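Number of protein chains: 2
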Amino acid sequence: MVDTAQRSAPSAPATPSPAAPKPTGTFTPIPTINVPALSRQLLGSWPEIRIEARKLTARPELQGVPGLSMAEHRLRVLEQLRLLAVEGHVHRAFPVHLGGEDNHGGNIAGFEELVTADPSLQIKAGVQWGLFGSAVMHLGTRKHHDAYLPGIMSLATPGVFAMTETGHGSDVASIATTATYDAETQEFVVHTPFRAAWKDYLGNAANDGIAAVLFAQLITGGVNHGVHAFWMPLRDETGAFLPGVSGEDDGLKGGLNGIDNGRLAFDNVRIPRENLLNRYGDVAEDGTYSSAISSPGRRFFTMLGTLVQGRVSLDGAATQASAMALTIAVTYGSQRRQFTAGGEAEQVILDYQRHQRRLLPRIATTYAQTFAHDEFLVAFDKVFSGIADTDADRQDLETLAAALKPLSTWAALDTIQEAREACGGAGFLAENRLVGLRADLDVYATFEGDNTVLLQLVAKRLLTDFSRKFADAGSGVLARYVVQQATDRALHNTGLRTLGQAVADFGSTARSVGQLRETNVQRELLTDRVETMIRDIAGKLRPASKLSPQQSADVFNAHQDELIEAARAHGELLQWEAFTRAVEHTTDAGNKQVLTWLRDLFGLGLVEKHLAWYLINGRLSAQRAQSVTAYIDRIIARLRPFAQDLVDSFGYSPEHLRAKIASGAEQERQDEARDYYTALRASGNAPADEKAPRKK
Amino acid sequence: MVDTAQRSAPSAPATPSPAAPKPTGTFTPIPTINVPALSRQLLGSWPEIRIEARKLTARPELQGVPGLSMAEHRLRVLEQLRLLAVEGHVHRAFPVHLGGEDNHGGNIAGFEELVTADPSLQIKAGVQWGLFGSAVMHLGTRKHHDAYLPGIMSLATPGVFAMTETGHGSDVASIATTATYDAETQEFVVHTPFRAAWKDYLGNAANDGIAAVLFAQLITGGVNHGVHAFWMPLRDETGAFLPGVSGEDDGLKGGLNGIDNGRLAFDNVRIPRENLLNRYGDVAEDGTYSSAISSPGRRFFTMLGTLVQGRVSLDGAATQASAMALTIAVTYGSQRRQFTAGGEAEQVILDYQRHQRRLLPRIATTYAQTFAHDEFLVAFDKVFSGIADTDADRQDLETLAAALKPLSTWAALDTIQEAREACGGAGFLAENRLVGLRADLDVYATFEGDNTVLLQLVAKRLLTDFSRKFADAGSGVLARYVVQQATDRALHNTGLRTLGQAVADFGSTARSVGQLRETNVQRELLTDRVETMIRDIAGKLRPASKLSPQQSADVFNAHQDELIEAARAHGELLQWEAFTRAVEHTTDAGNKQVLTWLRDLFGLGLVEKHLAWYLINGRLSAQRAQSVTAYIDRIIARLRPFAQDLVDSFGYSPEHLRAKIASGAEQERQDEARDYYTALRASGNAPADEKAPRKK
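Read top to bottom, the protein sequences are chains A and B.
Just so you know, UniProt numbering puts 563 at position 563 of the first sequence, and the rest follows in order with no gaps.
Just so you know, UniProt numbering puts 247 at position 247 of the second sequence, and the rest follows in order with no gaps.
Hints listed in this document are in silico derivations from the structure and should not be mistaken for laboratory results.
What you are looking at is a predicted structure, and each value in this text was computed from that prediction instead of being measured.
Be a bit skeptical, because a hint or two may be false.
One copy or two, it doesn't matter: identical chains are merged, so the pair holds either way.
[To be verified] Calculated pairs, DSS-like style, for lysine-lysine (alpha carbon to alpha carbon, straight line, at most 25 Å):
#, residue 1, residue 2
1, LYS691, LYS460
2, LYS660, LYS691
3, LYS143, LYS546
4, LYS546, LYS691
I would like the entire structure built from these sequences, with the hints used as guidance.
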C-alpha cells in the first residue's frame, strides 16, 4: 500500500514495537526507511516499463473478477488480451520491422506485472505472445515471421503452443506425435499414434486457438531427426476444427480458469513443407534433412533453450504474487487486534512473536527473490539481445532459470498460504484475494518445467562443473584436490575454521552472533554447503561410471534426493548473493541498514533451515548453532517496526491489492470499537464484570 | 482403490521394486500385506457405521460436482442435507427419546466420512447438526430439546451457530454482542454495538438459516455474566429477516462454496427470557442470575468445551482427505512412466527415489493420524456418553483436540498439495479431484480453533502440568528435580545415554541403525524432546511471575515460538504412541511387519525433521544423526513395494476417489503406447534414429 494515510502502524523511530529489543553490544541508531528510494530499487532494471505496466494493471477492465463461471472468465480474459494487443504492451520483444522493439528484458518486466491484474491474463498472454509467438520468432525464419507474427501480435491469430502430450510432460524428447515428410507431395503428415500422444494442457486449445506451433518427431527418408516445431492450422473461420484435427476441453482446473486449456489430436493431417519452422533444421524438397547443428542432442537443447523466457517470467510473477500477499497480511496484521497481552488494550497481532516469525522471514525471502530475479532478467536480456549469447552464456542462463524458478514458485505457494492463514477466516474470503492468488499460482510449480525436474538439471550441471576440474585425470587428482581444498579452507575460509568452534565459542554467544552477521561468514557457510554436498555426491556417484546403464541409473537414483537438495542449496546461494549485491549498491543509509538486517535474516534463515547439516558436518558447534536461532529472533524483533514500510516499498496500490482487509477497513472497525467502549465507560453505564474484583 | 483388478504395481513378494535393497545384517523374509485385515483395522472402533457411511458417500446425488456456480453448489448441498436428514445418518448423537441414538463417537465416525462426498456437505451438515444442534442439546435444557431439536434434526429449521464476530474469532470471551435482560418485559435485548461485533463467517447465515444459537455477553442487573448462548429467530417463513435483524453474504470463498456463509447484525432485537439456553447459567424472571458453576472462567470453558466435537471431526475428516489424495497419487505414480532410467522401458515414477520420498512418509503420517484419531474418538465418546467425564477427562480431551487437530489439518494441506504436484499437470485438473480437496480443506487450519492458537493452549497445559509438580515448593525443588531426572535418565532412559554416543557409535552405522529402530529408543527420543523443551521454557518463564502483567506478557511473547514448537512435538508424540499401540495390536504377521516399518518411518521422520534439536542438545551424535537419514532411505525403499497395498487399505472405492488418473486410464495409455512401439519395431517400418550408432 503506497498510500501512507492508510497506515496504522507507524514505522517512525519514535514508536518502535514494544517487542523490539535494544541492540546489544554496539550502539546502533534506529534507522528510517526511505520508501520511495527503496521502491525504486525494487523496480529493478526496467522501472519505467514496470510503472507503465502497473498503470495498466490498475485498470478494472483488465482485472479478474472472483466468482465468474469458467465460460465467463475465459471470455473476459480473451477480451482483455485484445486490449493488451491494442495497447502494444505485449509486443516489445518482437522485431522492430514488425512494430516491436526487440526489447527482450523490458518485455518480460512488463509482462510479469500482469499477474497483479489476473494470473489468467498473465498466462494466457504468455501463451499467445510468450510461447506461441516466441516459438515462431525463435524457431522460424523470416518468411514465417512476416507471414505469421503480425497476426499473432494483433491477436488476429490466437494460437497454441502444442508441445506437451498426455504421456510426456517433462521428457519432451520422448513425445510421440510424428511429422513424416512425404516427398511426393512435399508435405509433412502429422499424426497422433495413440492416446498418450494427444497434446494436452495447452492454453488456447479448447476454444480460441486457430493455429498452433506443434512439436513433433521429424521423420524423413526413414530417419527420425528428433523434435521439431511446425506451423499447424487448427480451426477454420467458424471455429470448427479442420479435417483430421480433433480435441477436448481440459475443463475446470485448480486455478487459471480464464484460460481454455485443452487437448489436440491429429489424424494424418497434411501440411506444406514450408510449415516447418526451419531455423535450426530444414528439409529440402527431396526430403534431405539439414541442420547447422550436427549433434541431435545439442540441436534439441538449442531449440528448447529459446523458450527459457517462460521460466524467467514465472520467477518474476511468483515473486510479485508473494509480495502482494505479504502486503495484504502485514497491513492487516498491523491493524488487527486480538487478546489483551498484559495491558488494557488488545494487542496488534503483528506484535506477537509467532506472527512476526510467520511473516518477516518471508518478506526477506521475497526481497532476495526480487533482487535475484532482476539479475536473472538482465542476463536473459543479454543473451536474447545478442550482447552475451555464447553457448556458455545460454547454458548459464538455463541453469539460473532452473535454479530460481522452482524456489520462487514454491515460495509463492508457501507465502500466500501463510498470509492467508495469518489473516484467519478473513483470509479465506475471495474478497481478500489470497485464496484466488494461491489457486492460480499452484500450477506455476509444475508447468514450464516441473520444479523437481528443473532442480535435477541444476544438480547435473553442478556435477558437470565439478567433474570438469578432473577431466583427463586419474582418481588420485580428486584425493589431492580434497586435501588442497582442506588446506585452502583452513587458511582462508569459514569451512574448516568453524570446526574449532566448540572450544572457541564456549560461553560467548555474543561473539558467535557477531561472526554470524558478517557477510563473509554467511557467504562461506552457504557456499561451503553447496560445494561439500556436490563433492560428496560426486564421490558416491564415481563408481557408477564403471557399471551397466541400469546399475548406473540405480546408483544415481539412490542419491536423487541429495542431488535435489544440493541444487536447492545452490539456488538459495544465488538468491543470497543477489541480495548481498543489492545491499552493497544501496546508497540511502537507513535503507542500507534495514536491508542488511533483512539480508541477515534471509541468510541466517537458510542456515537455521539446514542447521542439522551444519552440525553433522562440523561447520557449526552446538553453541553457535543455538545462537543462530537466538539471533534470528533478535533480528525479527528489530525489523518489526519496519514491516509496513518493507511491504509498502513493493509499490502496490489499493487497485493492485484489491483486498478489503488491507483497505483500512480493519483499522476503522478497531477505532470504532475502541471509541464505543471509551464512551461507554465515560457514560457510567458500562456493566460491571461478574467477578469485578478479579479484574485489575 | 479396493478393486485389485485395476492395480498395475503388484506388491507380491515376487516382484519387489528394483530400488528395494536387501535388508542388511539380519535376515528378514519379505512379508505380504493382508489388505482386508488392514482395512478393517483402519476403520477403527465404529467399522459398521463407517462402512454404511461409505455406501452413502458412494451415491452420486450426495457428491460434489466441480464447476457449479456458487448458487448452484449451495442449492445442491442444501438438497443433499435433506437427503441426509431423511436417511437419519446425522441423528446418532441426539437423544433416544427424540429419535436419536445417544451415540456420540459413532455419530462423528459416520459424519466425518461425508468429506469423501463433498467437504461442503460435511461442513454444512456439521453446522446444522454438529454445531447448531449440539449447542441446543448441550447448552439448552429439556424444554429447548423438545421444542427445537425435532426441527433441527429434520432440517425443518436450518440454523446458524452464531459465535464468531468480525472482530473476534479465536478470542470468544471478547465478543461484543450483548444480550441485556429487561425485567419489565422479561426479555433479552440482543444488540450489535458496532461493525466489528457483526457475527461473521457463519454457515447457513447468508441464505438458509431461519434461527440461530447466538452467543452474546449476558448482562442483567448491570452485571456482565460473560458469554452465553440464546435461541434466536432470524428469518420468517418467506426467508426475509425478522425486524431488527440484518445480514450480508460472505460471498465466494477459497473453497466450501456449497455453504452459504454470511454475517448477521442485531439492532435491539427482543427475545423471550426462555430463549436463554440455560443449562450452565440462568436468569430468573426478576433478573437474578444463577449458575451451578461459580467461576465465570470455568463456566465459560465448560460451555465451550461441549463443542469439542467440531475439532474431533475435523481431525478425522482431514485424515481422510489425506488418505484419498495419497491413494490417487500412489495409484497414478505406480502406472505413470517418465524417462528411461537405464533400460529400454521408461521408468514408473514411483520407482524414483524422490517420488518415494514425497509420498511414503506422508502415508506413514496418515496412518499415524488414523490410529491417533480413533483413540481420540474413543476418548470423546467416553466423555460424552458419561463413561468418563470428570473435569480432568474433559480437560484431557480438549488438550488432545488442541494437539491433534492442528497437526492433521496442516498435514492434509501439505499432503494434498504434494499429491497434486506429484501428479504434475494432471493433478491440476479438477477431474482429478486433488485441487478441489485442497481448496476445501484450506480453512480447516483456521476454523473451529485457529491451529496456532490451539497449539498455544496445548503448551499452556504442558506448562501447567510441569509447574504442578512444584506447587507449594521453593525453587530449590526444581533444581533437585532436574538432578533427579538426570539420574533417572542415566539409569533407565535414552536421553542422557545418547550423550556418550560420539565414542560408542564411531565407525558403526549398523549398530546405530539397530538402536534407532527400537521402539523404546524412538519413544525416548520423542518424549525427551517434549519434556526438555517444556522444562527449558518453564525455566525461562519463571522470572515472569515477579513482573508486571505487561512485562510478564512480553517475556511470554518472547518464547511464543518455542511454546508452539513444544506443543507440536507433544502432538507428534501422541500420534507416534497411537501408531505404536496399533502395531502392538496387529495380529497378522505380514501387516505387523510392514506397519512396524511404517511406524519407524514416521518416528524417525520426526527425529530427522528435528535433527538439529537432537544434535544441539546432545541427544544424538553427528554419526548417529547421519544414520537417521540413511536408515529412512532404506525403510522407504523397503516399503516401496507395499505402497499400493498401503493406500488400498484405506478402503476407498472408485466412487469415493472419482479421479480419472486413478481409474486405470493411465495404465491403459501406457499399455497402448508400448504395444504400438512393439508392433512398429516388429513391422520393420520404425524410423531409424538420426544418430543410431550412439543409441545402445
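Quiz item: 25 Å Cα cut-off: does LYS691 pair with LYS460 within a copy, between copies, both or neither?
Solution: between (69 Å within a copy, 23 Å between copies)
Quiz item: From the Cα coordinates, with 25 Å as the cut-off, is the pair LYS143 and LYS546 best called within, between, both, or neither?
Solution: Result: close neither inside a copy nor across copies, 50 Å intra and 84 Å inter.
Self-check item: Status of LYS691 relative to LYS546 across identical chains (alpha carbons, at most 25 Å)
Solution: For LYS546 and LYS691, only the inter-copy Cα distance (24 Å) is at most 25 Å; the intra-copy one is 81 Å.
Self-check item: Homo-oligomer pair classification [LYS691, LYS660; C-alpha up to 25 Å]
Solution: neither (38 Å within a copy, 61 Å between copies)
Comparing the model with each earlier hint shows violations of hints 2 and 3; every other hint is respected.
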